[in-house]
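Novice: These are the residues of each chain, in order.
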Amino acid sequence: MKRVVITGAGTINALGHSVPATLEAMREGRCGIGPLAFRDVERLSIRIGGQVLGYDPETEFNRQQIALYDRFTQFTLLAAREAVAQSGLEFHGELSARAGVVLGTAGGGVQTWDENYRAVYEEGKNRVHPFVVPKLMNNAAASHVSMEYNLKGPSFTVATACASSNHAMGQAFTMVRSGMAEVMVTGGSESMLCFGGVKAWEGLRVMSKDACRPFSLGRNGMVQGEGAGIFVFEDMDHARARGAEMLAEVVGFAMTSDASDIVMPSKQGAARAIAGAMRDAGVNREDVGYINAHGTGTAANDKTECAAVADVFGPHANDLMISSTKSMHGHLIGGTGAVELLACIMALRDGVIAPTIGYEEPDPECALDVVPNVARDADVQVVLSNAFAFGGLNAVLALKKI
Amino acid sequence: MTDSIQDAVIRIIAEQAVVERSDVSLDQTLADLGIDSLGLVESIFAIEETFDIEVPFNANDPSESDFDISSVAAIIAAVRRLVADQKPG
Chain A
555 MKRVVITGAG TINALGHSVP ATLEAMREGR CGIGPLAFRD VERLSIRIGG
605 QVLGYDPETE FNRQQIALYD RFTQFTLLAA REAVAQSGLE FHGELSARAG
655 VVLGTAGGGV QTWDENYRAV YEEGKNRVHP FVVPKLMNNA AASHVSMEYN
705 LKGPSFTVAT ACASSNHAMG QAFTMVRSGM AEVMVTGGSE SMLCFGGVKA
755 WEGLRVMSKD ACRPFSLGRN GMVQGEGAGI FVFEDMDHAR ARGAEMLAEV
805 VGFAMTSDAS DIVMPSKQGA ARAIAGAMRD AGVNREDVGY INAHGTGTAA
855 NDKTECAAVA DVFGPHANDL MISSTKSMHG HLIGGTGAVE LLACIMALRD
905 GVIAPTIGYE EPDPECALDV VPNVARDADV QVVLSNAFAF GGLNAVLALK
955 KI
Chain B
93 MTDSIQDAVI RIIAEQAVVE RSDVSLDQTL ADLGIDSLGL VESIFAIEET
143 FDIEVPFNAN DPSESDFDIS SVAAIIAAVR RLVADQKPG
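In order, the protein sequence lines correspond to chains A and B.
Take the position in the first sequence, starting the count at 1, then add 554; the result is the number in the working numbering.
Take the position in the second sequence, starting the count at 1, then add 92; the result is the number in the working numbering.
Errors might be hidden in some of the hints.
Stated by the list, open to error - Computed spacing ranges between beta-carbons, pair by pair:
id : chain 1 : residue 1 : chain 2 : residue 2 : range
1  : A       : Glu840    : B       : Asp124    : 43 to 49 Å
2  : B       : Gln120    : A       : Pro684    : 43 to 49 Å
3  : A       : Asp815    : B       : Pro148    : 24 to 30 Å
4  : B       : Arg173    : A       : Pro708    : 56 to 62 Å
5  : A       : Lys679    : B       : Ser117    : 29 to 35 Å
6  : B       : Ser162    : A       : Pro916    : 25 to 31 Å
7  : A       : Ile956    : B       : Ile145    : 54 to 60 Å
8  : A       : Asp865    : B       : Val110    : 31 to 37 Å
Stated by the list, open to error - If you want the ones that stay clear, here's a sample from chain B, every Cβ over 10 Å from chain A, calculated:
id : residue
9  : Ala106
10 : Arg113
11 : Asp119
12 : Ala123
13 : Leu130
14 : Phe143
15 : Glu146
16 : Asn150
17 : Ala151
18 : Asp160
19 : Ser162
20 : Ala166
21 : Ile168
22 : Arg172
23 : Ala176
24 : Lys179
Hint data in this document are derived by calculation from the structure and do not stem from the laboratory.
Predicted, not measured: the structure shown is a model, and the values here were computed from it.
Cβ atoms here follow ideal geometry from the backbone N, Cα and C, with glycine treated the same way.
Based on the sequences and whatever the hints tell you, model everything.
Specialist: Structure, rendered in C-alpha cells:
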C-alpha cells in the first residue's frame with residue numbers, strides 16, 4: 555500500500571480568502587460570523603451566518619465563466635488554484651491520466667436553484683438561462699476542476715450532507731493508497747447562504763439567532779457558513795521524488811452508518827467511525843493529541859460527540875484536545891470537513907490548536923478539553939477530523955505529522 | 093373561539109400521534125402520546141400554519157423556549173396567548 559501525503563491546500567471561507575489568512579484568523583480566535591446580506595434577508599428569522607465577504611466574482615472570472623459557475627463552483631476553483639499552485643504539480647501525459655478529483659457538496663448549486671425558481675415562480679418569467687442545469691449540478695465543481703487542471707482519472711462528487719467533504723477526502727485517500735490514482739484533488743464546497751437555503755434550515759428549528767457556541771452550556775444551535783477547502787493528496791513516493799513540500803500524512807479513514815434516525819445523532823455510530831479511523835491508521839488512542847470536532851453547537855450533536863469520544867478514548871479522553879472551528883467559520887455543510895482539515899494541518903505543522911470560540915460556561919455533558927476561546931501551542935503527532943451527517947452517515951479522517 | 097383553539101390544537105396533536113382526538117387528554121405530555129422531537133417540530137409548524145402565528149421555539153433547548161410544551165393543556169394555553177398577542181391590528 556502507498557503512503558499518502560498532502561502537498562497542497564487552498565480555501566476561501568468567512569475567515570479568509572486563502573490558507574494563511576484563515577489560519578491566522580483561527581490562531582487569533584477571530585469570528586467570521588455576522589449579519590447576513592442578501593435579497594429578502596428581512597423575511598428570515600435567522601439572519602446571521604459565516605458569509606464570504608469582500609469577494610467580487612468579476613475580478614476572478616470572466617463573463618462566460620460566471621455564466622457557468624455557481625458560487626459553490628467559484629469557491630471551489632479559487633481554493634483549487636491555491637492548492638494546486640502550492641503543490642507545484644502540472645498535469646500532463648501519464649500523470650494526467652493517473653490524477654482525478656473527488657469533491658463533497660451537500661446542495662451543489664443552491665444559489666442557482668434559488669435565483670431561477672424566483673424568476674419563474676415569483677417574477678412569473680417563463681424562460682431561464684440556458685446553462686441553469688450545468689451550473690447547478692452537484693458535480694459541476696468537480697468537473698470544472700478536472701477541466702482546469704487536465705485531471706483525467708477518477709472524478710466524481712460525493713453528497714452525504716454535513717459529512718460530504720470527509721467522505722470525499724476519504725475516497726481520495728483510499729484511491730491514492732491503493733494505487734488507483736497517483737494524485738487526487740479533493741475537499742469540498744458549499745454555498746447555500748441565500749433566501750431559500752437559509753429558509754429551509756430555519757424550518758428545522760436548530761439554528762441559533764445569535765452565535766455558534768459549541769460545547770458551551772446554553773448553546774442554542776448551529777450557524778451556517780459558506781466556502782470551500784481543497785487539497786492535493788499525493789503518493790508519498792511521488793511527492794518525495796519531485797522534492798515536494800509535504801504538509802501532513804493522511805494515515806487513516808473510516809465511515810459508518812447509524813442506521814437509526816434521519817436527524818438525531820448516535821453515539822455508537824460516531825464511536826465506531828472514530829475507532830475505525832484509528833484502526834485503519836494503525837495508531838493507538840494515546841497517540842491522538844487533537845480532534846477537530848464535528849461540534850455543530852446543537853444540543854444533540856455536541857453531547858453525543860463528547861460521549862462517543864469518551865467511550866473510544868477512555869481515560870485518554872481527558873488528555874487530548876478537541877475543538878470546533880465552526881464557532882468561527884460557521885457550518886459549511888458539505889464543505890465543512892475540508893475547511894476544518896486546515897485546523898488539523900495547523901495543529902500538526904505549526905503546533906497551534908485552533909480554539910472553540912464563543913465558549914461561555916462548561917457543560918457537564920461536554921466535559922472535555924475543548925480549547926475554549928484561545929488558541930494553544932501544543933506538539934501533537936496524530937489528529938482526527940470528525941464529521942457526522944444528518945442521515946446518520948459518519949466519516950472520520952486521521953492525519954499524522956510529517 | 094376559546095374552544096375552537098383547543099379543538100384545533102388537539103386535532104393537530106392527535107394527527108401527529110396517530111390517535112383519535114378523543115384519546116388526547118389535557119394532562120398528557122407529548123412523550124405520553126409518543127411524539128418525538130421531529131413530531132414536535134412538525135406539530136409546531138402545523139400550529140403556526142393553522143393560526144397564522146409565529147411560535148418561538150428552538151429545538152436545541154425546548155425548556156428554555158418561551159413556548160411551554162410540558163402538557164397538552166400548556167400548549168393550548170401558550171397558543172391562546174400567542175393568538176391574542178399576534179392578532180393583526
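Novice: Where does the structure disagree with the numbered hints, that is, which hint numbers, in rising order?
Specialist: Hints 2, 5, 13, 15, 16 and 17 are the ones this structure does not satisfy, whereas the remaining hints hold.
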